[in-house]
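Chemist: Residue numbers (our numbering), protein chains in the order written: chain R, 119 to 580; chain L, -7 to 419.
Incorrect hints may have been included.
As the list claims (entries may be wrong) - In silico DSBU-like pairs for lysine-lysine, Cα to Cα no more than 30 angstroms straight-line: (1) R/243 - L/337; (2) R/302 - L/413; (3) L/15 - R/192; (4) R/448 - L/372; (5) L/413 - R/492; (6) L/337 - L/303; (7) L/-1 - R/214.
By construction, these hints were calculated from the structure, which means they are not laboratory data.
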Amino acid sequence: MPTLDSLKLNLARKLLEKHKLHYWDIRAEEASSTGINAWNNELRRIAQSLTGGFSVRVLYGNGWGFAASTDFKKIAETIQKAVKVAKVMARATKIKTGVAAGKPARIKKVPKLKKDPRDVSLAEKRNLILGLAKKAYRSDSRIKSAIVGYTETVENKLFFSYESLVEQKLTYVHVGARIMASSKGKNEEQHYSKGGLAGYSVVEDIEEKISETCKKTLLFLNAEKAEGGNFTVLANGEMTDVFIHEALGHASEADNVLSGGSCLAGMIGKKIAPRYISVIDDSTSGNRMDFGSYYFDDEGTPAQKTYIIKNGILKTFLHNRETAYKLKAKPTGNARAQSFAHRPIVRMSNTYAEKGKDSIKNMLSKIKKGYLLKGAVGGQVDPAKGSFLFSASEAYLVKKGQIEKPLRAVSISGNIFELLQRIVSVGNRYEEPWPGFCGKGNQRVPVNGRNPSVLIKGALIS
Amino acid sequence: MFYQLKKLLKKSKADYTEINLLKSESSELIGEKNQVKGTNILDTLNVFVRVWIGKKQGIAFSNSLNEDVIKKAVKIAKCSKELEFFYGLPARQKYKKVMGLYSSMPTEEEMLLLAKQAIGGIADKKKGSYLSELSLIKSSGQHFLVNSEGIEAAEKTTAFSAGIAAVAKKNGKISSCEDTIVERKLPNVADFAKTVKKELLALLGVKKLKKKVTMIILSPKALASLLGHAFLGNFNAISVIKGRSLFVDKLNKQIVSEKIILRDNGSLSGGTRSSNFDSEGTSMQDIALIEKGMLRSFVHNYNTARHLKTKPTGNGAGSGIGFSNILLKPGKKDIIDNVARNNEKVLLVNSILGAHTANEATTAFSVKANAAYLLDNGKKQPIKDVMLSGKFIEALQDVAAIGNKIKNVCGFYLPAIALRKIDVTAG
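With the sequences and hints as input, model every part of the structure.
Modeler: Dropping the structure here:
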């Protein structure tokens, strides 16, 4: 199949430089992936794919044009399409736009993995996933359904613009399990998810984690419904991750701010949370290569660690080059696209609250009657109003600091500003990360967070 | 195209082979803060191959039509394990042509005009409303399918979507509203924008809920969210066979209120999710899922149908099962009229946050009412900080009324529904 090598970059540059463009870039990708799915005693599916394509993005006057194709031979035609629509837009729009200065780079980043998943045979992976599903399914007669899925995707990404040529290779590995139990007319389902960019080592300890998930499913089988209302809640690291992501993260994306769809507009420099709250977005994630990491974003800006909130003060939004230009800020390396076929928009990467000083034991002791929440299922936000919801698959009643009994899954909802003020303390260690996918503008990208527990007073629970 | 696909088919050394090829061209016009901003054009080719050697399946995808993708699928099949059951692939068959799947594509200038209509329909300085984000998409696709049993099927389709997010700020109050329509023909964007603006302005001045409600009306949009995330998966025949569905052993039994008549209709003329054939080449059909509250059918692909000794329903989607257009039979009266007479305090919910966190295996849900109103004594007050929770199957067992106006919510053709068994928690 045509490859990145067949993309004629010099020709592309000549064609693009014929037009008076304020900005242009070409992104190209080749991705190979393997997906394995087992359900109870059956290997349901092994699928592999090799896909690729490229896109051209241009700014002519104040109009953006973007065109993408899966045919690497169509470079000239695709450039022509992008430029043509950009000119139409330039005549039609009244938004003044531009891009902030970039960081020119010529670099190729191909990390060395401790264990590259491509060095592990398909048969070994197949046996692992099928073995995990079978073991979970047979672990208890009440377990009626055990689904285990493995996905591995290797992306070779190229970014080429008037100032940069950047290549990076990202290897995603993700394992997930969904366990359902049934007894005396009652059903319960719990899940587990683990992922990262550090290679096949992601699957280490997965058997133990799935076994824990089976036990949790059985524990919650007869759980009663939680009492709804305003309660003190200890949200574990996973829950904090979803809360930070939904309640704060989306509202801090600068494109939401500029479109008038963020409640944080005009709040830079203002105190929006207690002084012990700091929130970071870090696309580097150090050497851990967490699920939301990368070396360069999809505009060639290097990955970086950004304080969104520091000691309660809103310091910056998350930016791409266009939003940075419009808000007179610096790009933060948060321009991301689901694939070459999507235009980059502002997205989070690995977003987390900085750890504090309190211990779990101490935080629990502050709860007269409330809940301990774990097992994030997901959430959603309306960033314009600051209204959000996030859900837990595990809830435990807590009375006078003691964890009493499991309760059926609950959700917390509220308003961003109110809830931030209700955080009374932050845990002193980072807990297990929660890799997932974030949806925005019809695009999904991998994200992650490695968060401490937080204690919240007066949270609305249902 | 069939010649190329059949040539590839011959190169497969598998017992059964299926090739789906999808060619698609689309264009999205985006807008921000009352202005158009840019256009995104996409031209893609996707090839999906499934092969079987005995009962061992191999699947491969690519963006290129060449022998490599077949070879890869065969290699995977050889490495795979036997499926618990496999009966083959559908044979050559005649397809009843589903009408309304294709219409002419607007030009870029016509798309710009639609964008201006959307902006004009929302932006109002006096009332403080503006269009925050706009997405207008036109797409056309060609789907080709061949298999080793003689199927050669092709169709051309178009789809159009309009997505609007709008905000209103006035006198210290703020409201937001977001909606999307997806249709086979160009939608009436001007009317759509007006509907969004009406809801946006109605939501200004939200107050906390201080009264106990006795009934919840879910609008078609809210109902579609909960049906899709908390309920429909239980009709998936693979989930039934594997023991994950709530409906195992419930065929022809009462599962919900007798007011519920629910169908999956992939042959609906002009339906958002209609087509002539599914991804395995089975003709799309109109299937009764629930009739007067009784479970009548699951949704099947070719092999689950053979396994459960029934007919395929045209719901094959890759190696799994998908849904097409979901239709709920409307009632005879307007829903507000229907419930108002009993002096009920009604919470009308137009959209919810968090439906995707619902637990499909139990139908338990806990969501936020993002656009909601208290209907009390002829008055309609927008409400904030309200959560809804419960088990959706239990809620559907006690239906007070079903409305008489159908709305298409991205392929869900639904009226509003009035339910009692939903817990309301007010902050």
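Chemist: Give a verdict on every hint.
Modeler: Against the structure, the hints:
no.	hint	result
1	R/243 - L/337	57 angstroms, violated
2	R/302 - L/413	22 angstroms, holds
3	L/15 - R/192	15 angstroms, holds
4	R/448 - L/372	46 angstroms, violated
5	L/413 - R/492	27 angstroms, holds
6	L/337 - L/303	46 angstroms, violated
7	L/-1 - R/214	53 angstroms, violated
Of the numbered hints listed earlier, those contradicted by the structure are 1, 4, 6, 7.
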